[in-house]
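Here's the letter readout for the chains.
2 protein chains.
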Amino acid sequence: MKNREILLVKRPDGAPTNEHFSIKEAAIPELSEGKVITRLLYVSVDPYMRGRMNEGKSYIEPFQLNEPIEGGAIAEVIQSQADGFQEGDIVTGSLPWREYTSVNADSLRKIDPALGPITTSLHILGMTGLTAYFGLMDIGQPQEGETVVVSGAAGAVGSTVVQLATIVGARVVGIAGSDEKVQLLQQLGADAVINYRTEDVSKALAEACPDGVDVYFDNVGGEISDAIYPLLNKFARIVQCGAISSYNKKNDQGPRIQQYLIKSSALIKGFTVGDYRERYPEGFQHLSKWLQEGKLTYEETITEGFENILQAFFDLFTGENVGKQLVKINEPSHKE
Amino acid sequence: MKNREILLVKRPDGAPTNEHFSIKEAAIPELSEGKVITRLLYVSVDPYMRGRMNEGKSYIEPFQLNEPIEGGAIAEVIQSQADGFQEGDIVTGSLPWREYTSVNADSLRKIDPALGPITTSLHILGMTGLTAYFGLMDIGQPQEGETVVVSGAAGAVGSTVVQLATIVGARVVGIAGSDEKVQLLQQLGADAVINYRTEDVSKALAEACPDGVDVYFDNVGGEISDAIYPLLNKFARIVQCGAISSYNKKNDQGPRIQQYLIKSSALIKGFTVGDYRERYPEGFQHLSKWLQEGKLTYEETITEGFENILQAFFDLFTGENVGKQLVKINEPSHKE
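Each protein sequence line maps, in turn, to chains S and A.
Residues 1 to 336, numbered by full-length UniProt numbering, are exactly what the first sequence covers, in order.
Residues 1 to 336, numbered by full-length UniProt numbering, are exactly what the second sequence covers, in order.
Bound conformation, chain S alone:
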């Protein structure tokens, strides 16, 4: 058994390149009580990982120098000393970019292949789908005929929210940043889509929301959200899922919003998907049902090979990959 891993060896200042990483031979992992040894099958490469490559505190803990990058992954258990896990189980969790790893079974979740293709556990039947589901259904609570606006609508979470809001019979307005994304959202069933790069967002929103806004699923914050607050209907619900436009700014300023909330008796609720950990089974059940019924779709791009993980990550920032970008490392030993 040979083992390899990908380490962060230098913090990037601008775009990450090969010089910031090292692919090295790694030690053979050792098993102990409560642990399993996993063989890596798929990793998810995500823009948020760039933030973790910086030093200092962000909204998420930084990666350590000379330690492996880690992130969402799918793996196969090849040895187990943990209750409830056995050889051949397909699992998901946050794993290092390392072919074979010894890991606490507590941090893993077994995937049920009956629910859908295993890669879906890295997006629509994983944190992405659960984030969309609980944010929209628990906080947003859209009713049939209400208007739901989604910012960052073509993103992994956003495009799922658009579809879920359509399923409940809401009028759905998506906001995205390219004509290609606008087209994708129209295909997903959005009733109106706004390209914030080419349109006057306030004007376009007023036209797209003649009856005001009942639910706003916000991935973006900033000026796009500024344009929404004046349109809120009485008892509107804002799902504060992300605020990506603020993440890289220091002391980001904007109009104060408290008066809008009072005027419309509106609610804003921040959340992270982990808040709903105890209700994950409910979320998986609904999402997999809609997926099997063809009411939910997803896009994924799969690159092959451990040695191509870094290039797939770099391409996130330049290329126009469609949907979720994954890298396949190995086939499961026991194919279904």
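Worth flagging that the hints you see were computed from the coordinates, not collected in a lab.
Incorrect hints may appear among the rest.
[As the list claims (entries may be wrong)] Simulated crosslink set (BS3-like; lysine-lysine; CA at most 27 Å straight-line):
#: 1; chain 1: S; residue 1: K249; chain 2: A; residue 2: K24
#: 2; chain 1: A; residue 1: K263; chain 2: A; residue 2: K234
#: 3; chain 1: A; residue 1: K250; chain 2: S; residue 2: K263
#: 4; chain 1: A; residue 1: K249; chain 2: S; residue 2: K234
#: 5; chain 1: A; residue 1: K249; chain 2: S; residue 2: K249
#: 6; chain 1: S; residue 1: K249; chain 2: A; residue 2: K203
#: 7; chain 1: A; residue 1: K234; chain 2: S; residue 2: K249
#: 8; chain 1: S; residue 1: K234; chain 2: A; residue 2: K203
#: 9; chain 1: A; residue 1: K249; chain 2: S; residue 2: K250
#: 10; chain 1: S; residue 1: K250; chain 2: A; residue 2: K263
#: 11; chain 1: A; residue 1: K250; chain 2: S; residue 2: K203
#: 12; chain 1: A; residue 1: K234; chain 2: S; residue 2: K203
We have chain S; now place chain A onto it with these hints.
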């Protein structure tokens, strides 16, 4: 029967004075189906009325020129053609500053004198108390031992919130703007009080809230609220009752707050007391019980005479009246 009323005849530019108003003889009111004729007993004079004297849209509709000022009042029914109302009933509602008025009974609420002195229906057993009760209990949901911060804590709503939070066993931190108010809040049971005019609010808050902030009852907004957001605990609740620091500013800017809400999975909910109309009886029941048990106290200042309403109103902006300012016009005909 002679009748008098107070009209707005000129919009004040700065402080309101006698030149902006006229006390005139008014027509004798006429009764019709569904209406009652009321005799004015008490009026409430409030700072928010100044905003209604301006032209143009604010968060509340402006008073009309050459029409009477109107606001919270207590009156006695002297004639009735409305079901459920009869001579001698003591009622409250928004009434013109006019001694005798013909008014739709729908807009009035009968006061039960058994619940407390009738003047309390203009504060602690009225909109003030209900605003504090529903905002804190329904949105804030403070638990025993949690930390509740109240801005504008010495105001009519704020000082009620401080007492209610004490009743549920929370640790209560009040923010106010004078040493006299600080003292009042200490007497009402606040565990810590911050004078925002003389102290560094961020530093004082960090000291007063060593375990972070679980509930923030916000009457003020602006820089005081900016100092709170970084201290929010996981699942914190912000009751957005007012934002008085923004009301007179155009395009008021401040730090964007979405990231704080995400980080702490916190909630902000705006509201107005009318959102809880159907639950008023529950609110009155609790408030009057605590009042009778001596757990809730209030302060009121009562000036006498219809001709002194304006002066009492002017004095709000210069004097240091303690607690709720009322003007007594008449005694009820049938004293209890």
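query: Are the Cα positions of K250/A and K263/S separated by 27 Å at most?
result: 16 Å, holds
query: Does K203/S lie within 27 Å of K250/A when you go C-alpha to C-alpha?
result: With a Cα-Cα distance of about 21 Å, the restraint between K250/A and K203/S holds, given a limit of 27 Å.
message: Need the status of pair K234/A, K249/S: alpha-carbon distance at most 27 Å?
response: 23 Å, holds
field: 27 Å Cα cutoff - pair K234/A, K203/S
entry: 36 Å, violated
field: Distance restraint between K250/S and K263/A, which requires alpha-carbon spacing of 27 Å or less
entry: Judged against 27 Å, a Cα distance of about 16 Å means the pair holds.
message: Next pair to validate is K249/A with K249/S; report whether the Cα-Cα distance is within 27 Å.
response: Holds, at about 25 Å.
message: Hinted pair, alpha-carbon criterion (27 Å max): K249/A, K234/S. Please report holds or violated.
response: 23 Å, holds
- request: For the pair supplied as a hint, K249/S and K24/A, confirm whether the alpha-carbon distance does not exceed 27 Å.
  value: 59 Å, violated
- prompt: Straight-line Cα separation of K234/S and K203/A no greater than 27 Å?
  reply: At roughly 36 Å apart (the allowed maximum being 27 Å), K203/A and K234/S break the hint.
- prompt: Can the restraint linking K249/A and K250/S be considered satisfied, given a maximum Cα separation of 27 Å?
  reply: 24 Å, holds
- request: Decide if the proposed pair is consistent with the structure: K249/S and K203/A, CA atoms, cutoff 27 Å inclusive.
  value: Holds: K249/S and K203/A sit about 24 Å apart, inside 27 Å.
- prompt: Does the structure keep K263/A and K234/A at a Cα separation of 27 Å or less?
  reply: Since the Cα atoms of K263/A and K234/A sit roughly 8 Å apart, the hinted pair holds (cutoff 27 Å).
The structure shown violates the earlier hints numbered 1, 8, 12.
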